[in-house]
Amino acid sequence: MSDNLSMLDSLPHEILTNVFVRLPIKSIVTCTAVCKTWKSLIQNPTFISNHLHHSSNNNNNKHPLLLFRHCSLENEHYVLHFDNQDFNEYTRFDDFPFQGQSYDGIFLVVGTCNGLIFLADDLYGHHKFFLWNPCVRKFVKLPKPNITCFSHDAFDASVGFGFDSKTDDYKVVRLVTLEEKGQEGKSPPEVEVYSLSTGKWRMLTASPPIGAARGRKPEAFVNGALHWVALTKTGNKFLNFVMVFDLGEEVFREIALPKLSGQNGDEYWVSVSISAYGNSLALFQQGFSINRLRIWVMKDYADASSWTKIISLSDLVFIEGIPRSCIPKGFRKSGEVILEMYGGYLGSRDLKTKEFKDLRIRGYAYTFVDSYVESLVLLDKPNQQRKRQKRKRNNNRKQICGPMLYKIHRFRFFLRCKTQNRSWSKLSKHRKGSNLGGRNS
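The C-terminal residue of the sequence shown carries number 445 in my numbering, and the numbering is unbroken.
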């Protein structure tokens, strides 16, 4: 075995890289424990980037995956399914490391990008944010943001997460609407950006448009930019628009939305959310009646004139003869929209043929769906929270065991001194006896 390892270790790094990049994630992680050379090669940022590129091409072309988050009464469950005709399960992540750490029991899944899942718990004055890669069981806990309930008065905040290909960095963007600055939609939000490479939050100097992102509604990361549905007030009425933030240039822009039906032209009470649709955007508009859903698609990205209403559901979806109201959750690679029906049943509907498929999956609440790519991102980083917890446990042990250890050390010191004194006294008597004998002689 050692001979085989030494032979493999002697291979050029280019060959080893080509071998490792084709292995399953679990096998690659196992290889890091074989020898220091392999660990150094696999945890190198260049290899992690190459593996991501290989995995993205493989997933998009051959084996696309969808991530589902289901919540039972007590736990959060994350499962990967093949996005194919059979829709069979690929793997599940049963070791959710943040179970019970959210204030209200459930984290908000903001989004996924390159194998990372961004989780937020920012209600009731709490500010817990995690970047988590379940494939390699690594995570980073973000520090507390600059704007909190202790530093400012009441506010409303929305977050987004994506990848900046220009700087090869992952960023979290937080839009904060301060109540002290006036009514919602009449002032621009405060903006702060977290960078994974620096591990810090910083306030952004770029001026966002006047408007307020709509609370905890989903955002969409498309073409290197984050997108939120936002409200702006013109006169006595509110209008919705898309607030766009380019992660590379760190500048804002706006995209107009199609005219949405609201009471007297006021769109404040119109329920809308945005979603990625391939390399463009889709808009979900839900009414207060349970049987009303409209889906708009932007056929040409960033061209507001290309918004097209492709479906208007005035009917209910029937499963086993039972009518179910539906809530849109996202899209499959084929373009089918994933719907959550009353009772937690999940299905997909072809927007062209209107054919409905039961995905044979049932959630309970807070269901999240998004495309997913396996990656090694964060493999080169420690789990900071666990280090802190370990350090805290060690400090607690010192506090608890301190007095006892002190007594043990004193007792040992006493025994050592007593032994040394006894030995010294024997040595002294021996020396005295020998000296006397010398003198007598």
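Treat the hints loosely; a few may be bogus.
[Stated by the list, open to error] Okay, derived cross-link-like pairs now, DSS-like style, lysine-lysine, Cα gap no bigger than 27 Å in a straight line:
#	residue 1	residue 2
1	K303	K356
2	K204	K237
3	K313	K142
4	K132	K241
5	K263	K204
6	K356	K66
7	K170	K303
8	K303	K221
9	K145	K221
10	K263	K361
11	K132	K148
12	K361	K132
13	K142	K170
14	K170	K385
15	K337	K313
16	K30	K385
17	K142	K43
18	K132	K142
19	K43	K30
20	K361	K337
21	K142	K30
22	K30	K66
23	K221	K148
24	K358	K313
25	K263	K356
26	K221	K241
27	K237	K190
28	K385	K204
29	K385	K43
30	K313	K263
31	K358	K263
[Unchecked claim] DEER-style ranges, computed between Cβ atoms:
#	residue 1	residue 2	range
32	R206	F154	38 to 48 Å
33	K303	G269	40 to 50 Å
34	E253	I110	29 to 39 Å
35	T209	T357	48 to 58 Å
36	G129	K303	21 to 31 Å
37	K190	E253	23 to 33 Å
38	S60	P16	18 to 28 Å
39	L127	K190	23 to 33 Å
Calculated directly from the structure, the hints in this document are not laboratory data. We put the CB at the ideal spot given by N, CA and C, even for glycine.
Going down the list of hints, with the structure as the test:
{"no.": "1", "hint": "K303 to K356", "result": "holds, 15 Å"}
{"no.": "2", "hint": "K204 to K237", "result": "violated, 33 Å"}
{"no.": "3", "hint": "K313 to K142", "result": "violated, 41 Å"}
{"no.": "4", "hint": "K132 to K241", "result": "violated, 35 Å"}
{"no.": "5", "hint": "K263 to K204", "result": "violated, 40 Å"}
{"no.": "6", "hint": "K356 to K66", "result": "holds, 24 Å"}
{"no.": "7", "hint": "K170 to K303", "result": "holds, 26 Å"}
{"no.": "8", "hint": "K303 to K221", "result": "holds, 22 Å"}
{"no.": "9", "hint": "K145 to K221", "result": "holds, 22 Å"}
{"no.": "10", "hint": "K263 to K361", "result": "violated, 31 Å"}
{"no.": "11", "hint": "K132 to K148", "result": "holds, 7 Å"}
{"no.": "12", "hint": "K361 to K132", "result": "violated, 37 Å"}
{"no.": "13", "hint": "K142 to K170", "result": "holds, 24 Å"}
{"no.": "14", "hint": "K170 to K385", "result": "holds, 21 Å"}
{"no.": "15", "hint": "K337 to K313", "result": "holds, 20 Å"}
{"no.": "16", "hint": "K30 to K385", "result": "holds, 17 Å"}
{"no.": "17", "hint": "K142 to K43", "result": "holds, 16 Å"}
{"no.": "18", "hint": "K132 to K142", "result": "holds, 16 Å"}
{"no.": "19", "hint": "K43 to K30", "result": "holds, 14 Å"}
{"no.": "20", "hint": "K361 to K337", "result": "holds, 15 Å"}
{"no.": "21", "hint": "K142 to K30", "result": "holds, 13 Å"}
{"no.": "22", "hint": "K30 to K66", "result": "holds, 20 Å"}
{"no.": "23", "hint": "K221 to K148", "result": "holds, 22 Å"}
{"no.": "24", "hint": "K358 to K313", "result": "holds, 14 Å"}
{"no.": "25", "hint": "K263 to K356", "result": "holds, 23 Å"}
{"no.": "26", "hint": "K221 to K241", "result": "holds, 21 Å"}
{"no.": "27", "hint": "K237 to K190", "result": "holds, 6 Å"}
{"no.": "28", "hint": "K385 to K204", "result": "holds, 15 Å"}
{"no.": "29", "hint": "K385 to K43", "result": "holds, 13 Å"}
{"no.": "30", "hint": "K313 to K263", "result": "holds, 11 Å"}
{"no.": "31", "hint": "K358 to K263", "result": "holds, 24 Å"}
{"no.": "32", "hint": "R206 to F154: 38 to 48 Å", "result": "violated, 19 Å"}
{"no.": "33", "hint": "K303 to G269: 40 to 50 Å", "result": "violated, 26 Å"}
{"no.": "34", "hint": "E253 to I110: 29 to 39 Å", "result": "holds, 35 Å"}
{"no.": "35", "hint": "T209 to T357: 48 to 58 Å", "result": "holds, 49 Å"}
{"no.": "36", "hint": "G129 to K303: 21 to 31 Å", "result": "violated, 42 Å"}
{"no.": "37", "hint": "K190 to E253: 23 to 33 Å", "result": "holds, 26 Å"}
{"no.": "38", "hint": "S60 to P16: 18 to 28 Å", "result": "holds, 25 Å"}
{"no.": "39", "hint": "L127 to K190: 23 to 33 Å", "result": "holds, 24 Å"}
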